[in-house]
Amino acid sequence: MQPIHLAWVDYTILLAYTAFVIGIGFTLRKYLKSSSDFLTSGRSIPAWVTGLAFISANLGALEVVGMAASGAQYGVATAHFYWVGAIPAMLFLAVFMMPFYYGSKARSVPEYLHMRFDGRVRCLNSISFAVMTVFASGISMDLLARMLNVLLGLDYNFGLLVTSAIVLVYVLKGGLTSAIYTEVLQFFMIVLGFSPVVWLGLKDVGGWDTLKQKLSIVAQNPAALSLGDKAYSPDAWGSAWKPILAGPEHNPMGVSVFPIVFGLGFVLSFGYWCTNFLVVQRAMAAKNMSSARRTPLIAAVPKMLFPAIVILPGMVAVALAVMPGKDYRLPPAPISAAAMSRAVADVQAASPGNAAGAYPTIKADVGLGMDQAKIAAIITDNSTKALNDSELKSRLQDAVSDTYYNGVTLSLIERYCPAGLLGLALTALLASFMSGMAGNVTAFNTIWTYDLYQAYLNPNQSDRHYFVVGQWTTVVGIILSIFCAYFASHYSNAMNVIQLVFGFVNAPLFATFLLGMFWARTTGTGAFIGLILGTCTSALYHALTIYTGGTPGLQGAYLWHMMGKDVPAACVLPSSMAQNFWLASFAFGSCFVFTALISLATARTKSDEQLKGLVYSLTPKLKDEETHFLLRPAVLATILLICCVILNIIFW
Amino acid sequence: MGLDIRWPIGLMFTLIGALLLIAGISDGTPPRPLPVNIDLIWGAVLLVFGILMLMGAMSGKKQGPK
Chain A
1 MQPIHLAWVD YTILLAYTAF VIGIGFTLRK YLKSSSDFLT SGRSIPAWVT GLAFISANLG
61 ALEVVGMAAS GAQYGVATAH FYWVGAIPAM LFLAVFMMPF YYGSKARSVP EYLHMRFDGR
121 VRCLNSISFA VMTVFASGIS MDLLARMLNV LLGLDYNFGL LVTSAIVLVY VLKGGLTSAI
181 YTEVLQFFMI VLGFSPVVWL GLKDVGGWDT LKQKLSIVAQ NPAALSLGDK AYSPDAWGSA
241 WKPILAGPEH NPMGVSVFPI VFGLGFVLSF GYWCTNFLVV QRAMAAKNMS SARRTPLIAA
301 VPKMLFPAIV ILPGMVAVAL AVMPGKDYRL PPAPISAAAM SRAVADVQAA SPGNAAGAYP
361 TIKADVGLGM DQAKIAAIIT DNSTKALNDS ELKSRLQDAV SDTYYNGVTL SLIERYCPAG
421 LLGLALTALL ASFMSGMAGN VTAFNTIWTY DLYQAYLNPN QSDRHYFVVG QWTTVVGIIL
481 SIFCAYFASH YSNAMNVIQL VFGFVNAPLF ATFLLGMFWA RTTGTGAFIG LILGTCTSAL
541 YHALTIYTGG TPGLQGAYLW HMMGKDVPAA CVLPSSMAQN FWLASFAFGS CFVFTALISL
601 ATARTKSDEQ LKGLVYSLTP KLKDEETHFL LRPAVLATIL LICCVILNII FW
Chain B
1 MGLDIRWPIG LMFTLIGALL LIAGISDGTP PRPLPVNIDL IWGAVLLVFG ILMLMGAMSG
61 KKQGPK
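Top line first, the protein sequences correspond to chains A and B. Taking the numbering used here, the leading residue of the first sequence gets 1, the next gets one more, and so forth. Taking the numbering used here, the leading residue of the second sequence gets 1, the next gets one more, and so forth.
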């Protein structure tokens, strides 16, 4: 991909955004007086701000880019990640769980676990979470630096260090409040930066009805866009539920109803939205209980509508790709710099008479699918008029036949945005990477300072001491993130293993919270051992199963491989998504059962009095009577749930 | 806490809106696949949004902190 040319107006927008986020950090600095101001925003923020930050902390650049890719590959059904995989869990958090998180005065999710169970569960959760945030932030920064490199031709190291320094300055100055405010700013950047792109894309295709009609062409011949060699029924891309109800072989996701509803909609979704401190921290920063409970409810409104901004572009792109008159091609997979220089040398060494002989070498050196006719043309043209280096590179890139779905969003931005709007859309994308880092670093700060340092390493110090530790943790967190970014850029396989392991740890977590919050009999030992066994179950499930087309190893089923046996048919799932949803379901089930059984076998260490405010049945019910009927959390949640059901029916 | 977030949001989008309007009026960019001066339209939208946010912040300031 050639670097995009930015005009003065684009750079001005980019610089203006940077100036504003740094300005916010410096303005907030004077309000920071204690460690709690720095690490928990002193519980002082209004609900609409925490609500938008709540959703924005999750709306990272990976989501913006990845969901468009999924929209292209799976169509409307991608919206299940929102309507099934987010809304119900967010409503549950607001109505049932927030009273315990906020009411218990815990400063973090692990601290709640300590109050409810014991130090072991807190320690386990905080260590795994702290490591995870640092890696997540590193991955985000690595991708940002790569994108700056590809888009603007900026040096990788320079891009990484400058953006990290910006995040460091505003988090160090303004703490969690600064991160939350910037997330709200980023929310509006994303919504206002991408809406015109989606609108223009839809207009270009010819409206929603034409889009659906074109998607039916995609569904009947996905091979034309290298989306698999199977043909599906015409509505496979344009309907949310019909292809799923028809069975895993009838939808490109390869999933059936149970893994979607239970695996995604219950286990993974509740596990993320109700227990992940990164998002829950935003609600905990609200100024009072009713604001804390309204936070996820306010967030649910944009979340429900986001598919229009993040998934629709992917669908527009595949529709454009099957419309010959539109002159649009899905972005080809990028050739890495090292592979490119090998391929250029191959082309220069090849003789025009033997283009067919050179093709396999070039293809192997690039490591991607290549168009043979285009390669032959490059070799012939090079021998007749000696193409220069940049011509060779751009034509080789053009000859790649594999599609790079994560590049879909950028390709549409490039297609529709003139100077000005281009600056806005790109700044929105960069902003979401940076706020991804800031969100993770602030969560890391709180966990390290309160849950590890204060709890285990150095208790009983002055508040000033923890304030300073929190600030130093910001610096250390950013430095660790930079290391992780370099690690991710050099060892992408090791990074995949690490992410896989985090998947194992997270899958069973919601069972612990569910039992802890709603069953007073759950004991600390039960929760601790149940969590470990749940994680082991995830790992075992992964070691035994694989998806169609996967190779034993990182993609699963390596135990069979080690035993020298073939993977039994029962252990082969239709898609990696199905494998992931089923894994979560098994992990949750096993953690639930083990926690319950071990709790029954062990003695309770906490009395009913100690569990007051931590367990549902032992906590006085919150009185919502003074609140206007329509503003009560349960009523609001019901209305939002009905809206979500209506959306599902409209796109059935 | 201290700073009303509507100030930076309002100021930033008023600025970006104005920049897009200028870019839209002095449109020298090559024609895109659609004959729409999106900078002009969207610049106006952002300007209105920015000004509304600033008005919200100003009325909040008048009422004073609760």
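Each hint should be verified, as a subset may be incorrect.
PhoX-like mimics (lysine-lysine), calculated; alpha carbons at most 25 Å apart, straight line [to be verified]:
1) Lys393/A <-> Lys374/A
2) Lys230/A <-> Lys33/A
3) Lys105/A <-> Lys623/A
4) Lys374/A <-> Lys61/B
5) Lys62/B <-> Lys393/A
6) Lys61/B <-> Lys173/A
7) Lys62/B <-> Lys30/A
8) Lys33/A <-> Lys61/B
9) Lys612/A <-> Lys61/B
Derived from the structure by calculation, the hints contain no laboratory data.
Note to self: Flag every earlier hint the structure violates by its number, smallest first.
What the structure shows: The structure breaks hints 2, 4, 5, 9; every other hint is satisfied.
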